[in-house]
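Below are the chains, spelled out letter by letter.
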Amino acid sequence: MIKTEKKGLLAIEGFPVMLVFVVIILAFMKTAPNAFLRPTIYMSFLTYNAPTLVLAAGLTLIITAGEIDLSFPSVIAFCGMVFAYLFHITGMIFIPFLAALAAGAFIGYMNGLILTKVGIPSIMTTLGTNFFWTGLTILISGGVSLNVNPIKGSLLHTLLVGRIGDLFPAQAIWSIGLTIFVWYLLNRHTFGESIMFIGDNVNVARVMGVNVDSTKIKVFTLMGLMGGFAACLLTFEMTNFWTNQGSGFLLPVMAAVFIGGTSITGGEGRVIGTLFGMFIVGSLETGVTASGVGGFWTRLTTGLIMLGSIALNIVLDRTNGKRLCFFDNLKNSVFTKGLKKE
Amino acid sequence: MGDKNFQYILEMKNVGMRFGNVEALRNINFSVGKNEVVGLLGDNGAGKSTMVKIMTGVLHPTCGELHIRGKKVTSRDYNVKKAHSYGIETVYQDKSLGEKQTLWRNFFIGRQITNGFGFINIKKEKEIANNIIMDMIGFRGVGIGVDSKVNKLSGGERQGIAIGRAMHFDADLIILDEPTVSLSVKEVHKVLQFVEKIRTSGRACVYISHNIGHVYDIADRFVIIDRGMVVANFSKEEMSLEKLDEFLLRFASKKRGDE
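Protein sequence lines, in the order shown, are assigned to chains U and G. Heads up: the first sequence begins at -4 in this note's numbering, then just goes up one per residue. Heads up: the second sequence begins at 106 in this note's numbering, then just goes up one per residue.
No wet-lab data here; the hints were simulated from the structure. Check before you lean on any hint, since a few could be wrong.
[Said to hold, decoys possible] Ranges between beta-carbon positions, derived for each pair: (1) Lys118/G with Leu245/U: 21 to 31 Å; (2) Phe222/G with Phe322/U: 41 to 51 Å; (3) Asn142/U with Gly125/G: 53 to 63 Å; (4) Ala22/U with Gly248/G: 18 to 28 Å; (5) Val207/U with Gln112/G: 31 to 41 Å; (6) Ser242/U with His315/G: 54 to 64 Å; (7) Val207/U with Cys168/G: 16 to 26 Å; (8) Phe222/G with Thr85/U: 48 to 58 Å.
[Unchecked claim] Heads up, simulated BS3-like pairs for lysine-lysine below, C-alpha to C-alpha not over 25 Å straight-line: (9) Lys112/U with Lys139/G; (10) Lys213/U with Lys187/G; (11) Lys291/G with Lys139/G; (12) Lys257/G with Lys302/G; (13) Lys213/U with Lys186/G; (14) Lys291/G with Lys254/G; (15) Lys231/G with Lys254/G; (16) Lys231/G with Lys112/U; (17) Lys326/U with Lys291/G; (18) Lys176/G with Lys187/G; (19) Lys177/G with Lys326/U; (20) Lys139/G with Lys257/G; (21) Lys257/G with Lys291/G.
Cβ coordinates follow ideal geometry from the N, Cα and C atoms, glycine included.
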């Protein structure tokens, strides 16, 4: 039996995605040189994609565990509201910030609890909780946005979303730092190894002594916590809370993870891939606009690319050393995994 | 742990197991002594796998007691990690390796060597995994390394990895659940040699197989279960291979007659 291991450049995690990203950037430099040969666009790119990256890094862990989370848009909205309202009531900044993080972690924890203890598949659970928390946000806020302008100039504001040297956005460092942290967690930590084995084969994980339920709850709690943090990055940057501030995140976040090459059937997560996947999604949004094509094209292209990458992912996924047919892999994917009996 | 003068490494007393309305196990009394290889026989669905899962802490029995080295273990606290720490290792037929994971991760999942704070000492794990693969299992020169993924291995190679893992962790009791399924003759020989080594080194083994020939060769005692109950328990001296074969067949035909 001949074993072929990936050698050289292909062995670098996320290398194909990096390559695609470079090609895309070069293409935009050609089509929109005014924008893409100046640093401004990159800075704004890093600013507005920071929450997306934080969410995508968290979602990579969820999908690696063979689950899916659709509730993060509601986390962005709800946690933003928690911060904005508590800020208005108390006048403090740090405590509301912690409360927003706690609210996110709580939402994630509840997701984990429902899907492990009640046994509802994650796609259903998180779809339901997404509606619930979004609804609650609209109910409490009355659909009205809330300005938090006075936080500008505060220490936490500078730390989270300030500009280093009046140019480089601090949230880029936070989001990329968190991504690196998630990479270490997944690839170097026992927690990450548990996640990979659970996503790979939950029965194997169980007989080898991995506490499946508690690990899943922890992953979802972490996702919620990161969602809370992403919500704060967004609310701090905009110094404003609005009720549907999370609605735009579902597509780019999911697209980033799947373009990055994280296995759709779980068990393999590529955090670096996700980082560049997010760069690709973000640069498409920025680039298509800067190239003068109508803005409505961006969602359309991102959607197509996401579908394409999922399809490719399914086709390339291997089980038992052989390629299964498309529908077999689809059956094992995170979208349907919990729907059939284990 | 426990009493120094224990008689059995593992003992099940009146163990019962229910899954909803299904009574998978009833009044199971089962024991494994030191230096003993026990062959566990029974038809498909007789409850062998459930017994294994109770012994290894994957499932908690609905009633009954589990004793390890003469000491009772409370079933709520008993889990796979505990079983590992008591020196109980299991090789499952084909569900003990993570397909998409590298071999070194498969060796240490559930009991990683860490640097503190839960971060894995990858260098050390790879080093040990390499020793297991090269020396213990003897995969030298076939192109399998610590970074190979399980989905690239053949069935026999996978079983070799799983058994190598059990050997490395120096278990007192090794439970082999159909270890020779999908193995070549040469690989089967290796497994049987390994079981022999278990006995001579003062350890114990529970061997589950459909291949009565293999079981008869290596086991000292046989326990036969049928529909969740122990129906026979005898030593090798009491029965020849032909008689054992007949005995099992009788159960199989009786069952068919019922239905």
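Exercise. When the hints from earlier in the document are held up against this structure, which numbers fail?
Worked result: Violated: hints 1, 4, 8, 9, 11, 12, 16, 17, 19, 20.
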